[in-house]
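Each protein sequence line maps, in turn, to chains A and B.
Counted the way my numbering counts, the first sequence spans residues 968 to 1254.
Counted the way my numbering counts, the second sequence spans residues 887 to 1153.
No wet-lab data here; the hints were simulated from the structure.
We treat Cβ as the ideally placed atom computed from N, Cα and C, and that holds for glycine.
It cannot be assumed that every hint is accurate.
For lysine to any residue, the following SDA-like pairs were computed, each having C-alpha atoms within a straight-line distance of at most 20 Å [said to hold, decoys possible]: (1) Lys-892(B) to Val-1048(A); (2) Lys-984(B) to Met-1248(A); (3) Lys-1094(B) to Ser-966(B); (4) Lys-975(A) to His-985(B); (5) Lys-984(B) to Val-1048(A); (6) Lys-975(A) to Ser-966(B); (7) Lys-1061(A) to Pro-1146(A); (8) Lys-938(B) to Thr-917(B); (9) Lys-1171(A) to His-985(B).
Per the computed footprint, the stretches of chain B lying under chain A, defined by three or more beta-carbons under 8 Å from a beta-carbon of chain A, are [what the hints assert, rightly or not]: (10) 916–929; (11) 1005–1019; (12) 1022–1032; (13) 1050–1057; (14) 1062–1076.
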Amino acid sequence: MNKTLNQKAWWLVAPVLLLVAFNAFIPLMTVVNYAFQETFGNNVFFWEGTTWFEQVLRSERFHDAFQRQLMFTGMILAIEVPLGIGVALTMPRKGPWVSVCLVLMALPLLIPWNVVGAMWNIFALPDIGLLGYTLNSMGIDYNFTRQPVAAWLTTVLMDVWHWTSLIVLLCYAGLSSIPDDYYQAANIDGASRWAIFRYIQLPKMKRVLTIAILLRFMDSFMIYTEPFVLTGGGPGNTTTFLSIDLVKIALGQFDLGPAAAMSLVYFLVVLLICWVFYTLMMRNEEQ
Amino acid sequence: MIHPRKWLVPALYILFLMLPIYGLLAMSFKTTGEILGGFSFFPQQFTLANYKVIFTDPTWYNGYINSIIYVVINTVISVSVALPAAYAFSRYRFLGDKHLFFWLLTNRMAPPAVFALPFFQLYSAIGLFDTHIAVALAHCLFNIPLTVWILEGFMSGIPKELDETAYLDGYSFSRFFIRIFIPTIAAGIGVAMFFCFMYSWVELLLAKTLTSVDAKPIAATMTRTASSSGYELGLLAAAGSLTIIPGAVVIYFVRNYIAKGFALGRV
Chain A
968 MNKTLNQKAW WLVAPVLLLV AFNAFIPLMT VVNYAFQETF GNNVFFWEGT
1018 TWFEQVLRSE RFHDAFQRQL MFTGMILAIE VPLGIGVALT MPRKGPWVSV
1068 CLVLMALPLL IPWNVVGAMW NIFALPDIGL LGYTLNSMGI DYNFTRQPVA
1118 AWLTTVLMDV WHWTSLIVLL CYAGLSSIPD DYYQAANIDG ASRWAIFRYI
1168 QLPKMKRVLT IAILLRFMDS FMIYTEPFVL TGGGPGNTTT FLSIDLVKIA
1218 LGQFDLGPAA AMSLVYFLVV LLICWVFYTL MMRNEEQ
Chain B
887 MIHPRKWLVP ALYILFLMLP IYGLLAMSFK TTGEILGGFS FFPQQFTLAN
937 YKVIFTDPTW YNGYINSIIY VVINTVISVS VALPAAYAFS RYRFLGDKHL
987 FFWLLTNRMA PPAVFALPFF QLYSAIGLFD THIAVALAHC LFNIPLTVWI
1037 LEGFMSGIPK ELDETAYLDG YSFSRFFIRI FIPTIAAGIG VAMFFCFMYS
1087 WVELLLAKTL TSVDAKPIAA TMTRTASSSG YELGLLAAAG SLTIIPGAVV
1137 IYFVRNYIAK GFALGRV
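Sequences and hints are given; from them, build the entire structure.
Below you can see the structure in the form of structure tokens.
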């Protein structure tokens, strides 16, 4: 759409700008303040320069948490995106079952995150939970509070359970914007199932899918509450993702300097990845 | 091309979604003794005692009221300030518009864990600590960018001729916006409200950091009880089951908007 040049449009944006800036700038400056200085309370600060940053970037703990985070985000995207597309493609397109499917599928999205964690904790408990009990009575030795692999699998499964529906809903919305004529034309031309997917359905889903992947990337990179309630980051440190580690350092040990430096590094990484993704998306759209 | 056994995929997927929820529900109807005694698929000694505790103890049910209050305030604030902004982004070019749009989105990317402590200091300093409005404002950080993003998509799907015709007919901007434009993008507003409600209702870290007693959300009440009174799993399960209800009600009302809404908009 060609837009008109209108500098007065700033007035329409001003309320949003004020509200978001209030919530973003002041806390961000606080973080920056802590990241470059040392404080012993009473608002007395000593300039530390980049000491904390060097400490964080060199620390093995940060590297490990970062690697776990990348692995987790990679795994859940690799499962949720194909599964979400698959479910969206096979969902009924008309009739009363559409509402039933939509309502039931959206349900996990609206459950508070700590309840999701608690629910999966209960579900996976080896002796009294539905999943844990079933697996153990089938002869599989499963205990997510003690086995790192089991803890990982449970966390990934929980995220798949929790968020795949977002991808399903968005893809389904993209699919339902395809007119029936397209399918009829494809049938007359004798197009294969794969050709229909590749040349009709996928292009229509492209935009919603980008949004879905972007949202999933951002949210999974920030994940805190669910794994914290489920495993508490354990056993040991095996499911300690970036946010969990950050809260441990900031509120557990009260090492505000390193925590603030880590916050900034963390934020910049998310920002960088999203910026690349966003630029590519916008370039695609302009073409 | 319609495969006869096509319904199997969504059916199995929904079954997978329902199992943990069933586990939670079943546990909420069991007595503590039965829960710790071992696994049973159906409650053997069916009891409503857990729910009775929640509905009679104010520290429990106030949690629900607090959560609903700040979620509603947040949704109203987010949508009402995002509407004009999204209109500006979808219709006009202005100095720094693209940078501003990306900057807004960056706030959606800020991990709440990064902001928890600074938020606590900020809201304590301005005397809003432990109020509903503090949580509602803090959630604006990620809800406003998302709302602007969604609404901008919907508005861009509406031809500009609609605006131009209305102005030619002598409508002022505000009259056009309220009388014509808002009803036209009702589906988009429905979707945006759904997402605002969703992200504000499920968030815990900031809500917990910014409250202590008067505005304590239900999710935080649950964590406290879980740690202090030991192993009351039945009570925890009942409280958890009840948190599903508001979400289910909201989904039921917006179910048609979600499917149609996204299809209409550019999103």
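Structure-based check of each hint:
Note on Lys-892(B) and Val-1048(A): the hinted pairing holds, with a Cα-Cα distance of about 19 Å set against a maximum of 20 Å. Annotation: proposed proximity of Lys-984(B) to Met-1248(A) holds, straight-line Cα distance about 14 Å (limit 20 Å). With a CA separation close to 25 Å, the supplied pair Lys-1094(B) and Ser-966(B) exceeds the 20 Å bound. Restraint check: the Cα-Cα separation between Lys-975(A) and His-985(B) comes to about 17 Å, which is no more than 20 Å; the hinted pair holds.
Only pairs whose Cα atoms come within 20 Å are accepted, and Lys-984(B) paired with Val-1048(A) is rejected, the gap being roughly 29 Å. Among the hinted pairs, Lys-975(A) with Ser-966(B) is consistent with the structure: their alpha-carbon atoms are about 19 Å apart, no more than 20 Å. Restraint check for Lys-1061(A) and Pro-1146(A): satisfied, since their Cα atoms lie roughly 13 Å apart, inside the 20 Å limit. Using a Cα cut-off of 20 Å, the hinted pair Lys-938(B) and Thr-917(B) holds, with the two alpha carbons roughly 13 Å apart.
This hinted pair does not check out: Lys-1171(A) and His-985(B) have alpha carbons roughly 27 Å apart, beyond 20 Å. By the rule of at least three residues with a Cβ nearer than 8 Å to a Cβ of chain A, the coverage given for the region 916–929 of chain B holds, with 5 such residues. Only residues whose C-beta sits within less than 8 Å of a C-beta in chain A count toward coverage, and the region 1005–1019 of chain B has 3 of them, enough to reach three; the restraint holds. Residues of the region 1022–1032 of chain B with a Cβ under 8 Å from some Cβ of chain A number 6, which satisfies the need for three, so the listed coverage holds.
Coverage of a stretch by a chain is defined here by at least three residues with a beta carbon nearer than 8 Å to that chain's beta carbons; for the region 1050–1057 of chain B and chain A the count is 0, and the condition is violated. Beta-carbon proximity to chain A at under 8 Å applies to 0 residues in the region 1062–1076 of chain B; the threshold of 3 is not reached and the given coverage is violated.
In summary, the numbered hints that this structure violates are 3, 5, 9, 13 and 14.
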